[in-house]
Structure formats: structure tokens, C-alpha cells
Amino acid sequence: MHRALRWWPIALLITLLVAPYSALPVPGLLDGPLGSPGSLQLLALCLLYGALATGYDLLLGRTGLLSFGHALYFATGLYATDLGMLELRLPFAVAAVFGVSCTVLLALLLGSVSLRVTGIGFSMVTLAFAQAGSILVQRNPGGVTGGEEGRSAPADLLPSGLLGIENTANLYWIAVGYLVLTVATVHWAVNSPIGRVWEGIKENERRVEVLGLRPYGYKVVAFVLSGALAGLGGVVYLLLTGGATPQAATSDATLALLVMVVLGGSGTRWGPLLGGVLYTWAGHRLGDLANSTAVADLPAALRVPLSQPLFLLGALFVAVVYLLPGGLARLPARVRVARSARTVRASAGVRTARPTGGTPA
Amino acid sequence: MDTVVLLFCTGLGLGALYFLVASGLSLIFGLMDVLNFAHGALLSIGAYATWWAGAEAGLSFWLAVPFGTLVGTVAAVLLELFLIRPLYSRPRDQILATVGVGLAVPALLMGIWGADARPFPQPALLSGTWHVFGATVPVNRFVLVAAAVLLLLTLRLFLARTRYGLIVRAGVEDRAMVTALGIDVRRAFTLVFAIGGAAAALGGALGGLYFGSVNPGQGTGLLIFAFVVVVMGGMGSVTGAAAASVGVGLVQQFANYYTGAGLGDLSVVVLLAVLLLVRPRGLTGRLA
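Just so you know, the protein sequences line up as chains A and B, in that order.
Residue numbering for the first sequence follows our numbering, starting at 1 and increasing by one per position.
Residue numbering for the second sequence follows our numbering, starting at 362 and increasing by one per position.
Check each hint, because a few of them may be wrong.
[Said to hold, decoys possible] Here are a few chain A residues that face chain B, going by a calculated C-beta distance under 7 Å:
#, residue
1, I120
2, A132
3, V176
4, V180
5, L302
6, S307
[Unchecked claim] Per label pair, the in silico range of CB-to-CB distance:
#, chain 1, residue 1, chain 2, residue 2, range
7, A, G161, B, V639, 45 to 53 Å
8, B, L518, A, R269, 48 to 56 Å
9, A, S101, B, Y618, 34 to 42 Å
10, B, L638, A, A301, 46 to 54 Å
11, B, Y525, A, R116, 31 to 39 Å
12, A, E148, B, R453, 16 to 24 Å
13, B, S574, A, P141, 20 to 28 Å
14, A, L88, B, A476, 35 to 43 Å
[Unchecked claim] Computed list of lysine to any residue pairs in SDA-like fashion (alpha-carbon distance at most 25 Å, straight line):
#, chain 1, residue 1, chain 2, residue 2
15, A, K202, B, A537
16, A, K202, B, R522
17, A, K202, B, Y449
18, A, K202, A, L225
Keep in mind that the hints were calculated from the coordinates and are not lab data.
Every residue gets a Cβ at the ideal spot worked out from N, C-alpha and C, and that includes glycine.
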């Protein structure tokens, strides 16, 4: 039984892959049946953010680097691919390679600068760089980025199999593929020799130095790998939403990733994925909730907070930090510990109740 | 010439606003190692409380500003007592909790008063202009600079001359040692949070004058430049923060005027990158 349960990721993957063929209604969770384009679009977004959070956790949970600028690399992949098609007239596949290469270069450049400071200074510097990128995108230099409205991807350069509502399943499969790639890359990297050094850096950077290793280079590798995964995520996002918008580059986007990782459980294999899926799904459903008549009829003291998804998510985040340290992924282990502690206490109670019991220990 | 003077005064005003936010941020970080992401929210609370008192409750501006500052201070103290203190043994979670507050408070303000900017009441005394070396400069720039200079002097006096200032300075140097000497550093934490919250809320109130309106995202936008100032000035140093805020404000204004719009904000970040490459420990050489 336990051996069969170990294969659950494969079973989940197969379920995910065949989902577009299913017409199963999932009332409450999704609006339409499972295989409908609307549901597939939402599912694909959930999986995409799950993968992005997994890639972000490479920095936060695996190397102990609190970066506040991850959205910059996501947005670079998104915009560079889009602009490669629009301005340079590259075909989609070439533009995607161009976008990811731009992201890797930018991550290498900014990572090697910002990793010169450690601890919280690093967080602030990454935040400043990401803010610069966000401002640049919104100010619309030379009319290239399209400012507040962003720019939609050119339909004539995209493969026809990725266009139109009837091809949503293809986009969904691409999102699944991106997720598998991210999870596999992170798993492989964390278990590689470099990954062991990352773990050491996270636990105690000074000791890694004492062992004769230079943490700087290892941290740059983690930063670039994580940035590259985010850039690829930007390409998938471009396909899913059909355009690039400046919201992708804002610091709120990075904070959203942070919330996902902390919600799911930083430093665990499946936690960030779970957090990303839940957060994205909740974000969409809370938006619906905010516009629903049930909320509109409530008194103002309840209606105002409930109609603000960001307020709910911020409050949820604070609650998770307090009540669930380690996130959802560590919840089963915490419950188990609490339960075994209770049984130990109970059996201890039984023993003290019968002090003259005959069985010697 | 008059353009240069106007840009100089406006840059100083902006720098003063940054200093109001960054001084508290820097002290909080220096003493407690908490990067307070909710500081922008405290600024927004101060700005909205001032606006509410002035525009909705009908108080005069001179009463509305102390009211807004008081509300911001109370919010900061509550934040420290109920959110930061229980997480004392988990430094990273302290930061994450402030991130959550930083997300929730602007959203709540938006829910109550809407996403649009609200016009800020301008008292007649401060809405005029002064003529300085041939340039016409709005008075509110000088109000901000005066408030920042006053805050800098007060903070320096407080840190140098009072017993609590001594504890704060010692705590910034070595918190464990101060605790070992039998001093309850946690009271200094609350105090520093109160000072930081008051300064940020005052910044919000006077920022309303500077921008002419308040909107829910204002605090978060200013916070990021305040972070830049804190890193540049060396974390925990009030004087370093003052020098860095003047530099950042001036560079931003001049670059925004003489090059394309938005390049000023970018040049600030480039300045930060260059400074970190040359002096990784900031202007005053302190970094945790």
C-alpha cells in the first residue's frame, strides 16, 4: 500500500494530462466542467504559478536568499519574447529562446551585483532593481513596451495550434510541461553537489566559507537558474494570456510568489507548488466572491474587507506566518507530532495512575 | 538658473520626504534586524488619517497633522506589540508578517476610500510660493525640509543625550550585550517603532501637501526609494540616511528633468548599484 502511494506524483501527472478529455463537473471549485476552455485556462494559470513558486523557492527555501525581485526575471522573459516577435519579427520559437537568453543574461548581471551584499541588504537591492524594471516598463520607452496597457502578442507569428479558444488544451499541456520541467530541474539541482552547498549556505554561510568554498559563486548559480526558470515561465504566461502587461513586473507580483511559497511551505518539494496552485485559484475565486451579490448585501464593516482580494490575501499571509510556520506542506508532520506527543502523555498518565502495577520495565 | 533652483528645492523636498520614511526604517532595522515592509502602510495610514481629519471631520490643517501623526504612531505601536513581538525568535517570519500587513493595509484603505487619489486640503499659509534666487518655489517644499531637519536634530539629540537613546545606540551596536547587562531591550523596540511610525505618518501627512493628493499606493511607492536610501546610508545610521536621502532626491529630480521621464528613478537604482560595487557597506560603512 505504502509503495503504491509513493507513485502519487506520476498518478497526479497522468490525471493532469488527461484532464482536457474529461467533462467532469467540479461544482464549487471550477465554473465549468473540467475539460472546458475556461476551466483549463484557470488550471493552466494555477500550474504555471505553482511552477514559478517552485522556481522561486530555489532561492528562498533552498539557498536562504530572500529576493524581492523575482518578478523582474519573469517579466523579462515575458516582454523580451513578446517584443522579439513584435519588433524583431522573430518566429515564436526563436523569440522564446531570445527571451530566455535575455533573462539569463540579466539575472547573471544583476545577480552578480546584488549578491555582493548579504542578508537583508540583498533583499533591498533586488527590490530596487525590480522596481527600476517595473518603472521602465510602465514609462513606455520609445513606445516599445506599451506602457500601462502592455502589448498583445502578434497572432500571425504564433503557431496556429496555440491560438484560439478551441486550442486551450494545447496551452494547458504546455503549462503542465513547464511544471514538470521546473519540478524536475529543481529536484535535480537540489540533489546535485551544488545543491548540497546551497543547503549549507542556507544553514550557515560562514561554515561553508570555513570549509574552503566560496558561497558567492554558488549563490550566483542559484540566482541565474531560478531566474532562467522564471523567464521560461514568462514565455508560457505570454502564450496563456496572449500578451504582456506591466502588472507582471510589479513588486506585488514578487510578493505574491513569496506568499505562495510561504503558504505552501518553503524548502519542501511540493509545498511551493501547492501554495502557488491554491493562491492562484483563491485569487480568482475571491475576485468572484468580491463581485457576488452575497457580499454586496453584507453590512459595510464586512463588505469592505471582503471585496478586497489583496486584503484577504495579506491577512491570510499573516495568519499562515503565525499559525502554520513551515506552511501547508509541514502540516501533516505537525499533526503527527502533536498526536504522538498526546499518546505519550496519555500513556504516561496511565502509568502514574497505577503506581503499584506489577510489570517491571 | 531659476530652473536649477526650483529643481534643487524640489529635490530637497523629496529627499526630506524620503528621510522621514527612511530614518525610522533605518533605526528599526539597525536595532531589531526587522526590514519593516509595513512602513509604507504606516505612511499611508498617516496620510489618510490627516486627510480624513482635514477634509471629512473638518479639523484645521494644524490639528489634522498631529492627529494623523498620532494615528500612525498608535498603529506602529500596535504593529510592534501584536505582530512583531510574538515572532521575536523567528526573524524571517517577522519580515514576512510585515509584508502581509504591507499588502493588507493599502488594500483596506482602497476598499474604504476607493482607488482614486483624493485631493488633500492645503492651508492658505502653505499653498503659496516663495521667490528664491529668481525661482518660484512652492512653500510646501520648505515645510518638508524644515520637518526633516527638525526630525534629524531631535533624533540626534535623543540618541546622544537621553538614557533611552543610549540604549538604542548600544542595541544597534550589539543587542545581545545590552540584554546581558540586564536592560529590557524590548521596550526600546516599541519606542523605536513608535518613533519610526510617527516619522512615517508625518511624512504621509506632509507628503499629501507635496503631492497635492493621497492615494492608497503612495506609501508603497515611496517605501522602495526609502529602502534604497537606507541601504545607501548604511543600515542603522540616521545621519547616513539623511545624507543619502538628499543625494537620492536631488539625483532623481535633476535626472527626471534633464533626461527622459522615468530615467531619474532608474538613475537612483544605478547609483545604488555603483555604490554597492565600490563600497559594499554603504556610505557610513555599517551593514548587518
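Each hint tested on the structure:
no., hint, result
1, I120, "holds, 5 Å"
2, A132, "holds, 4 Å"
3, V176, "violated, 30 Å"
4, V180, "violated, 29 Å"
5, L302, "violated, 11 Å"
6, S307, "holds, 6 Å"
7, G161(A) to V639(B): 45 to 53 Å, "holds, 52 Å"
8, L518(B) to R269(A): 48 to 56 Å, "holds, 54 Å"
9, S101(A) to Y618(B): 34 to 42 Å, "holds, 36 Å"
10, L638(B) to A301(A): 46 to 54 Å, "holds, 51 Å"
11, Y525(B) to R116(A): 31 to 39 Å, "holds, 35 Å"
12, E148(A) to R453(B): 16 to 24 Å, "violated, 34 Å"
13, S574(B) to P141(A): 20 to 28 Å, "holds, 27 Å"
14, L88(A) to A476(B): 35 to 43 Å, "holds, 36 Å"
15, K202(A) to A537(B), "holds, 23 Å"
16, K202(A) to R522(B), "violated, 41 Å"
17, K202(A) to Y449(B), "holds, 20 Å"
18, K202(A) to L225(A), "holds, 17 Å"
This entry does not satisfy hints 3, 4, 5, 12, 16, going by the numbered hints stated previously.
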